[in-house]
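**Q** One-letter residues, chain by chain:
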Amino acid sequence: MKFLCTVLVDHTLAATMTDADWAAIGKESMDYDHALMARGIFLAAEALHGRETARTVRVRGGDAMITDGPFMESKEVLAGFILIDVPDAAAAMDVARAIPMARLGAVEVRPVMAF
Amino acid sequence: MQYMFLIYLDESKFAVMTQAERDGFGNGMLDYDDELRASGHYIMGEPLKQPSEAVTVRTWDGALSTTDGPFMETKEHLSGFILVTARDLNEAIQLAARMPLATVGSIEVRPLDILERV
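Quick note, the sequences are listed as chains A and B, same order.
For the first sequence, this note's numbering begins at 6 and goes up steadily by one.
For the second sequence, this note's numbering begins at 3 and goes up steadily by one.
Isolated chain A (complex conformation) (with noise of 0.2 Å):
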């Protein structure tokens, strides 16, 4: 089964860290991704500029309106995802749960839809 794990950071609590921490966690982040390569269960992973990059699209009635930032303004705001693949919900959730960004705010371990 394919588990999405959407990855939500505390803004706040990132602005107080410093950038030898912001190096640390980012770099356990990618040994992380990396050891889920070795199980076989990585599918995916990216992580995403700040939420003052985000642009939001609507269209309605065949006009596009833009809004600058993200779809919704959060405390934690989306940072970034790991798509895995494996037996059932319990083994995503043990994916998730050592997911280190998951210290800095949540994550979202959702089922991917067959289509």
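In short, the hints are calculated from the structure, not lab data.
Yeah, the Cβ is synthetic: ideal placement off N, Cα and C, and Gly gets one too.
Treat the hints loosely; a few may be bogus.
To be verified - Short, incomplete list of chain A residues facing chain B, as computed with Cβ under 7 Å:
| hint | residue |
| --- | --- |
| 1 | A20 |
| 2 | T21 |
| 3 | M22 |
| 4 | A29 |
| 5 | E51 |
| 6 | R108 |
| 7 | P116 |
| 8 | V117 |
| 9 | M118 |
Unchecked claim - What the simulated footprint calls covered on chain A by chain B, stretch by stretch (three residues with Cβ under 8 Å from a Cβ of chain B suffice, anywhere in the stretch; the number is not a length):
| hint | stretch |
| --- | --- |
| 10 | 64 to 76 |
| 11 | 86 to 97 |
Got chain A; can you put chain B on it based on the hints?
**A** Chain B alone, transformed into the frame defined by chain A:
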């Protein structure tokens, strides 16, 4: 540049549609993916199951907490994503605006970051 399209939908809007209308969006999205593939923009994408199937995990100060449901209860929920390659933000926005689900939901467009080992 690579961009992520985050697709946020209000499920209640789909509940009142006919099955044919819902199928229209499903088929329209598959066609949209094919168009992005044909034009060389598509990297990958996945639709997600209902928000009720989500679990949210936090490991603050070493302690694990899990809660059922998405990280935040909102009218519109993350329903899927598509990764694309585009020349710039403008092209990414134009691609996002052609997505069938942009007519009912909100598409957040955000550039991907590159994590580098330091």
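**Q** Determine for every hint whether it applies to the structure shown.
**A** We went through each hint and held it up to the structure:
no.	hint	verdict
1	A20	17 Å, violated
2	T21	14 Å, violated
3	M22	14 Å, violated
4	A29	9 Å, violated
5	E51	5 Å, holds
6	R108	5 Å, holds
7	P116	5 Å, holds
8	V117	5 Å, holds
9	M118	4 Å, holds
10	64 to 76	holds (count 6)
11	86 to 97	holds (count 3)
Checked against the numbered hints given earlier, this structure breaks hints 1, 2, 3, 4; the rest are met.
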